[in-house]
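Given chain D's structure and the hints, the job is docking chain H onto it.
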Amino acid sequence: MQSTQEALDLARIQFAFTVSFHIIFPALSIGLASFIAVLEGAWLKTGKPVYKELCLFWSKIFAVAFGMGVVSGVVMSYEFGTNWGGFSSFAGPVTGPLLAYEVMTAFFLEAGFLGIMLFGWNKVGRKAHFGATLMVAIGTIISTFWILASNSWMQTPQGYRIEGDHVVPVDWFAIIFNPSFPYRLAHMTIAAFIVAGLVVAATGAWHLLKGRRDPAIKKMFSMALWLLLVLTPVQAIVGDAHGINTREHQPAKIAAIEGLWDTEQGGTALNLFGIPDMEAETTKYAVSIPHLGSLILTHSWDGEIRGLKSFPKEDRPNSTVVFWSFRIMAGLGVLMIAMSAAAWLLRRRGRLYESRGFLRFVLAMGPTGFITLLAGWVTTEAGRQPWVVYGVMRTADAVSPVTAQQVGVSLLVFVIVYTLVFGTGIYYLLKLLKHGPALPGTTTHAPGIDDAGHTARRPLSAVNQSIEGA
Amino acid sequence: MDLTLAWAAIIALGLLMYVVLDGFDLGIGILFPLFPDEHDRDVMMNTVAPVWDGNETWLVLGGAGLFAAFPMLYSTVLSALYLPLVLMLVCLIFRGVSFEIRAKASRTKHLWDLAFIGGSAGATFFQGVALGAFLDGIPVADGRFSGEAFGWFTPFSMFTGVALVVTYALLGCCWLIAKTEGDLQRRFYRIVWPLTVLQLATIAVVSIWTPFQDQGIAMRWFDSPLFYRLLPVPVLVVACAWVMRRSIRSRHERRPFAMALGFVLLGFAGLVVSISPHDVLPGVSLWDAAAPRSSQLFTIVGAAVILPVIVAYTTLGYWVFRGKVRHGEHHYH
Chain D
1 MQSTQEALDL ARIQFAFTVS FHIIFPALSI GLASFIAVLE GAWLKTGKPV YKELCLFWSK
61 IFAVAFGMGV VSGVVMSYEF GTNWGGFSSF AGPVTGPLLA YEVMTAFFLE AGFLGIMLFG
121 WNKVGRKAHF GATLMVAIGT IISTFWILAS NSWMQTPQGY RIEGDHVVPV DWFAIIFNPS
181 FPYRLAHMTI AAFIVAGLVV AATGAWHLLK GRRDPAIKKM FSMALWLLLV LTPVQAIVGD
241 AHGINTREHQ PAKIAAIEGL WDTEQGGTAL NLFGIPDMEA ETTKYAVSIP HLGSLILTHS
301 WDGEIRGLKS FPKEDRPNST VVFWSFRIMA GLGVLMIAMS AAAWLLRRRG RLYESRGFLR
361 FVLAMGPTGF ITLLAGWVTT EAGRQPWVVY GVMRTADAVS PVTAQQVGVS LLVFVIVYTL
421 VFGTGIYYLL KLLKHGPALP GTTTHAPGID DAGHTARRPL SAVNQSIEGA
Chain H
471 MDLTLAWAAI IALGLLMYVV LDGFDLGIGI LFPLFPDEHD RDVMMNTVAP VWDGNETWLV
531 LGGAGLFAAF PMLYSTVLSA LYLPLVLMLV CLIFRGVSFE IRAKASRTKH LWDLAFIGGS
591 AGATFFQGVA LGAFLDGIPV ADGRFSGEAF GWFTPFSMFT GVALVVTYAL LGCCWLIAKT
651 EGDLQRRFYR IVWPLTVLQL ATIAVVSIWT PFQDQGIAMR WFDSPLFYRL LPVPVLVVAC
711 AWVMRRSIRS RHERRPFAMA LGFVLLGFAG LVVSISPHDV LPGVSLWDAA APRSSQLFTI
771 VGAAVILPVI VAYTTLGYWV FRGKVRHGEH HYH
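Chains as they are written, first to last, in this note's numbering: chain D, 1 to 470; chain H, 471 to 803.
The following block holds chain D by itself, in its conformation from the complex (with noise of 0.2 Å):
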């Protein structure tokens, strides 16, 4: 059975969303395991209650968050097989054991220890139950490690060798340790964090919108804030150096995303705005910064950056879209400098709490994180076309022998229970967040344990509230 281009094409739509999809939650838990870590550590040093409300009060939400990273989860371990059946033979003997690692080191880990954080309040000690809490966000950066030196190898590809219809893994250490890692790790869990920082931080600013004064909103609010007034200049250098990279081994990818056609003497403009035509081979409406491109891409003024033209036709990812969903990760990207930068001046002025257009500011931010991190992926996975292995296996050869049916049935399927499942999901993480950590005064028990009703010991079940209810 010989498969399409239509099969091909739905396929790559499947992928596309389920991957999408399920990024979201793993890229919010990550960043929150490691903030709860901070929290319970806090908490077990100072002693001050706040640390304690709003280490509850997270789990929930990272419980949740979780609980759809796993289940959306299986779906793409389970993926490379249905719909990549190419792939996974070919490529198989290195993906494959890369994979089998991040099981064997996170997805146990996390598993293994999350029901005594979410339920062992009071049934471990302080100390073990912070151990665990622990091991949950280790394993949450492991995850990233393992997924991403998969990834990274499929961009830049070391340490192999071809034979027969497979490759033959020769130096592991080359495999994981492939040039483009180092810089996809850092990007990629600085993002996390950044993500997580900017829920935490809008969530503060709701409940500050709302009136709400207490210490355990302004806490998280503050150090929110505090987390991305470094992280985000630091994310734009890694940035910057990821694309130094990316132009020395994928320059076709740089020259997609600057929309660039002609190999230019003498120092190349970046275009800030434009509409690349790929059929025309010119970049429309195009308005650039003479030596721009140069400056960022080379660090010198008159750099040299290949154009698409010198790439075969068959070998040129799509510029439309690598161009555009770059412009809105950088442009996000600034604006996210900007606003903990103001955060920053606000706070030594003493009117962090109080500006209400500042805080506004902050909650519309809330979602960006996700946006951000989604447009950078598009833009890298979108980048790589039409290889799915740079340089040695094209996507076109990597698809299952199904049917365009079969994958246009699956798709379906798949896009009607995400969208109500997850959509459930979502709307009830909004809920969580809208609640709140609990008031000062009102006791706290420990979740799962005395305040969650007559109900399943899971993590939704932890919060005092219905779906439905108020």
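Please note that a few of the clues may not be correct.
Unchecked claim - Computed from the model, here is a short list of chain D residues facing chain H with C-beta under 7 Å:
1) G41
2) G67
3) W121
4) N122
5) K123
6) V415
7) V417
8) T419
9) V421
10) G423
Treat the hints as calculated values from the structure; they're not laboratory data. Using N, Cα and C, we set each Cβ at its ideal position, and we do this for glycine too.
Chain H alone, transformed into the frame defined by chain D:
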């Protein structure tokens, strides 16, 4: 030792762990229709709430292990079983999420109950269908799946689907006997024997039907010295059933679960013989499907170190949440 064989053993062990661990918590969803009372259902769910995520991770390990050690098998089998596997995953999504949301929904609680029942029963059924279709044989040409999109849809695979639903229901029922008490536990005791009888019937039918499905399987069963070594299996099944009967009569709390595990282990042993490594797919031996040595070696080093640690802290988790789960234990307003 042969790395490929060691990997086959690890994956088989991982799948067995999955069936044993996730089997009983899927079984709880299958038994839900028999226990319409909301509070009973809360107790049933509470017995597995803290361990459920870890149980399902064994399924991911099965997939990832297959991908790492036998990428050719992973890609052919998963392409061939496209629809049943996608449907299984969708069912697992419904189940996993309803596990969490059901507790806090009020107006839509009954809908999440339905999602939990349908998700659990559906996921189990499609796992059984996938197993049956695999035993049926998956057509392969040039290392790629060469069959039809609905090749998995056969009377045999439908039956193995139902058989697995019965198996998980029995496991779930025995687990619940161990984790509950009083009136609720009495009601589990009432249905455990009928479930055991059903289980025996499905084991018998699958045992008779399997050799008819495939010449190779029939040969391995009857034309080799293995036959005499397999003879104890039916005897042991009957012995398990007898002990089960006695433990139910004497209201033993943990032994029924051990006996249900016995059925699973014996069924699994029969299965391993049926697909023993001579040809894991028609015309493809285990060694043909194996990943390069460097892939298998790299991963097995990790598995040898990490899997025992995983088993240790999984056990720790079960120990922390040991003991009975009671009605209204968490009731507090």
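Taking the hints in turn, this is what the structure says about them:
1. Checking G41 (chain D) against chain H by beta carbon gives a least distance of about 21 Å; that is not within 7 Å, so the hint is violated.
2. A least Cβ separation of about 5 Å between G67 (chain D) and chain H falls short of the 7 Å threshold, and the interface hint therefore holds.
3. A cut of 7 Å between beta carbons decides the hint on W121 (chain D): the least distance to chain H is about 11 Å, and the hint is violated.
4. About 11 Å separates the beta-carbon of N122 (chain D) from the nearest beta-carbon of chain H, more than 7 Å, and the hint is not met.
5. Among the interface hints, the one on K123 (chain D) holds; its C-beta lies about 5 Å from the nearest C-beta in chain H, closer than the 7 Å criterion.
6. Because the beta carbon of V415 (chain D) sits about 11 Å from the nearest beta carbon in chain H, more than 7 Å, this interface hint is broken.
7. Because the beta carbon of V417 (chain D) sits about 5 Å from the nearest beta carbon in chain H, less than 7 Å, this interface hint is met.
8. The interface hint given for T419 (chain D) is broken, as the beta carbon of that residue sits about 12 Å from the closest beta carbon of chain H, more than 7 Å.
9. Residue-level restraint check for V421 (chain D) holds (minimum Cβ-Cβ distance to chain H is 5 Å; threshold 7 Å).
10. With a least beta-carbon distance of about 11 Å to chain H, the hint placing G423 (chain D) at the interface is violated under the 7 Å criterion.
Taken one by one, the earlier hints fail for this structure at numbers 1, 3, 4, 6, 8, 10, listed in ascending order.
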